[in-house]
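**Student:** Residues per chain, in single letters:
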Amino acid sequence: MSLDKILVIALGSFGIVFTYWFFLLRKEKKEVAVKNEVDIAVEGGYNPQVISIPKGKTTKINFFRKDSSTCLEEVVLSDFKIRKYLPLGKKVTVELNPQKEGEYPFECGMNMFHGKVIVR
Amino acid sequence: MITKTFSIKGMHCASCVRLIEKAVGKLGGVESCNVNLATERATVTYNPKQVSDEDLSSAVSSVGYSVMEEVDEDREKKEKEAELNKLRIKVVVSLFLGGLIVWGSFPGLMETAPQILRNFFVQLLLATPVQFWAGLSFYQATIPALKNRTANMDTLVALGTTVAYTYSVIVTFFPKVIMQTGIEPEAYFDVATIIIGLILLGRFFEARAKMGTSEAIKKLIGLQAKTARVVRDNKEVDIPIEQVVVGDVIRVRPGEKIPVDGMILEGESAVDESMVTGESVPVDKKIDDSVVGATMNKTGTFTYKATKVGKDTMLSQIIKLVSDAQGSKAPIQRIADLIASYFVPIVIMLAILTFVVWYVFGPQPAFLFAMLNAIAVLIIACPCAMGLATPTAIMVGTGIGAEHGILIKDAQSLETAHRVNTIIFDKTGTLTQGKPEVTNIKPLNKSFGADEILRLASSLEKGSEHSLAEPIVKKAQEKKLKPEKVMQFGAVPGQGIEGLIGGEKVVLGNRKLMEKEKINIEEYGKEIEGLENEGKTVMMLGIKNNLVGLIAVADIVKESAKEAVSKLKKMGIETVMITGDNEKTARAIARQVGIDRVLAEVLPSQKEAEVRRIQQEGKSVAMVGDGINDAPALAAADIGMAMGSGTDVAIEAADITLVNKDLQSIASAIALSKKTMKTIKMNLVWAFGYNIILIPVAMGVLYPVFGVLLNPIFASAAMALSSISVVGNSLLLKKVRI
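Protein chains in written order, with our numbering: chain U, 1 to 120; chain C, 1 to 738.
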């Protein structure tokens, strides 16, 4: 086998392992504790990605989409029955008043990007 | 001067209104500020040069309230259209420039092209704006996503086109280097540009189609009247609907929209309620009848008192319910969710694998085969179709429901309803009108006609408080029969009533009373039994120890009941009736309607247990009731269906609310659920099947046997078509007749 082929096999194997590690073995981001209100930037995902909010209180979550990808044009908090269109560069507020503790994921309209609301 | 309406949070009394109006009115440049407590909205007219939205917001905050956002129902549409327009320009430019490059580089076509187009430098010039202007959004999405260690559809397109573009740039500037590796120097600018053009084109159509999926909500919002003609200080004034408060007296003329919910004070008319309830025939309305906002007044003029405004109106409740349902997730989506989270990284790994395998084992020029096939894998993969498969169908399905007066609480209810194989009807008020009426008057003696019997019976019943007295008295009033004076009136508990009319003893009651009075009824036994077998309660009228007539009273079965039950049976659904009535009456009614199974003499508190008992037989049960008296039974059933208005109580208790109160809508709701689920399943099969079949084809599995490879340009066309077809299939649901 020629050297270039060996090199391609080696680099390819590294590429596959790297892709696996990079995307699938990433650790969940640390949660951000929110009291009353939080701004979540929507750009290649959600930042902060994981927030914790108090039970039985109204918390405002302001989504601000900076990313032109149509993938992120909607945010869905299905446990709270919320599907909101996020216009580019405009703040969209969602109010949550959860009555039960637990973890509630949210995602973009096509379910490619994910975030989480933890209710304590 | 401009006028904007803002929604305001935190108000709870009239003084809040004044406080906000004062705080905002104080600002220089504000001409007027009207705050409406009921709708929680402030309408401000101001000069935007002197005062900004932020100034208004901080003025409101300074007195302790918060401005939520500007209320503009059209905003979303306008913004989406603006984004679509930008996309359209990008599509046209990239396909035009890409087309020129294809002309200058595609074998068989390039020979006809002017020499200048065959020049790689010219192609580079044409391709660069496509790559970095039209394709900018792919990079803009990819870079922050990579920072978060996530990837999506855009990542795949950015990767694939960047590889093709970069290789072509190298070929353009360093053709000799490429030639040294034994490869003919050939640029692939056409691949990069056409992929971008086609994928953007796909997005354009997809976005247009997606706007169609949420049309139902927009239609509902559009129903809202803009103004109301309110009577204030004896004068009629037109005011914006936001300023109508509970208690306002509103005048509605023929052909006008009824602005808010209320009750008629004066006048009568026919009202077309089809837009809200799906009921196609105009409903007659008179004094004390309720009217629903956003419905259309047809013939008469009337005034009515506003009872519900703003977010409390039936229309607002319906809008909220539909939009909630569209935000919820169907359980069937879970599998798509799971796969979506691994999909893009797996595709990237497969693309790398494809490159390696083709490079090591493929024919010459191995590098070109490896590169083009890896790009094809990146481009053909379509995670979007999987993500769109369920929500788009749910959005269309719940929207169609709302148009037909079928309000579905959430996606889960829509999904569960398709499995229902048993329907339990609450009898009173659901299968029947819930109001007993006189159904038969049978004279048995030639000297007493039907009217005379009714007149005598109603004269006696006037003094009675029994539930069966009301329909008899009402019937006599309808016929304008004058009651006789009754002396020595008396009620015999459990038997009937008696009294003296014109000095003669008149009795009205059941068999026991006749026995007591020694009136022989044997001669008419068959007639009496016949009526009883029809589920009616028979009352006998005796005068001077002779039976002179029979009056039958029954809770009349709704006209649509029989057809509704037969429709359900045709769908293979077992029908059950639950009632507190005795077995005989219950069976008689069940026979009339065609119900399979009867649960009689069930106390209201036992209904829930009966529902659970049927569920234990392995049945998937829908319970149909009014949503108010049978809330526990509705909640216990797999699907609770309330026949009622869009009131809070009914909506809370039920999974599906039939605002049109039409029993036939039960079958429609189940049919809608079945059709929506079929669409979702088709979408999922398509979305998964597409990826499962075409990714291996792009990798080149067909090459060794058939010599088939997938050109990256065709891959991009297939990918664009894939998401459009999923959204398109969901939109086809709109054509379904339910």
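Derived from the structure by calculation, the hints contain no laboratory data.
These numbers come from a predicted model, not from an experiment.
C-beta atoms are modelled at their ideal positions from N, C-alpha and C, and glycine is treated no differently.
Check before you lean on any hint, since a few could be wrong.
Claimed, not checked - Quick list of the computed label-pair ranges, beta carbon to beta carbon:
| id | chain 1 | residue 1 | chain 2 | residue 2 | range |
| --- | --- | --- | --- | --- | --- |
| 1 | U | P54 | C | R232 | 18 to 28 Å |
| 2 | C | L338 | U | N97 | 48 to 58 Å |
| 3 | U | F14 | C | L136 | 42 to 52 Å |
| 4 | U | N97 | C | L702 | 54 to 64 Å |
| 5 | U | A41 | C | G108 | 22 to 32 Å |
| 6 | C | L338 | U | N36 | 27 to 37 Å |
| 7 | C | N234 | U | N97 | 42 to 52 Å |
| 8 | U | P54 | C | D53 | 27 to 37 Å |
| 9 | U | A41 | C | N234 | 23 to 33 Å |
| 10 | C | K218 | U | G56 | 30 to 40 Å |
| 11 | C | R253 | U | N36 | 25 to 35 Å |
| 12 | C | R253 | U | N97 | 51 to 61 Å |
| 13 | C | K570 | U | P54 | 23 to 33 Å |
**Student:** If a hint holds in the structure, say so; if it does not, say that too.
**Tutor:** These are the hints, each one checked on the structure:
In this structure, P54 of chain U and R232 of chain C break the distance hint of 18 to 28 Å, their C-beta atoms being roughly 45 Å apart. Between L338 of chain C and N97 of chain U the CB atoms are about 29 Å apart, so this pair departs from the stated range of 48 to 58 Å. With their beta carbons about 30 Å apart, F14 of chain U and L136 of chain C fall outside the hinted range of 42 to 52 Å. As the Cβ distance of N97 of chain U to L702 of chain C is approximately 55 Å, the hint placing it in 54 to 64 Å holds.
Range check, A41 of chain U to G108 of chain C: Cβ separation about 49 Å, and the 22 to 32 Å hint is violated. Checked against the hint of 27 to 37 Å, the pair L338 of chain C and N36 of chain U passes, with Cβ atoms roughly 34 Å apart. Here the CB-CB span from N234 of chain C to N97 of chain U is close to 44 Å, well matched to the stated 42 to 52 Å. Roughly 30 Å separates the CB atoms of P54 of chain U and D53 of chain C, a value that falls within the hinted 27 to 37 Å.
Roughly 56 Å separates the CB atoms of A41 of chain U and N234 of chain C, a value that falls outside the hinted 23 to 33 Å. Separated by about 34 Å at the C-beta atoms, K218 of chain C and G56 of chain U satisfy the suggested range of 30 to 40 Å. Checked against the hint of 25 to 35 Å, the pair R253 of chain C and N36 of chain U fails, with Cβ atoms roughly 48 Å apart. Taken as a hint, the range 51 to 61 Å is violated for the pair R253 of chain C and N97 of chain U, whose Cβ atoms sit roughly 42 Å apart.
At roughly 52 Å, the beta-carbon separation of K570 of chain C and P54 of chain U lies outside the given 23 to 33 Å, and the hint is violated.
Violated hints for the displayed structure, listed by number in ascending order: 1, 2, 3, 5, 9, 11, 12, 13.
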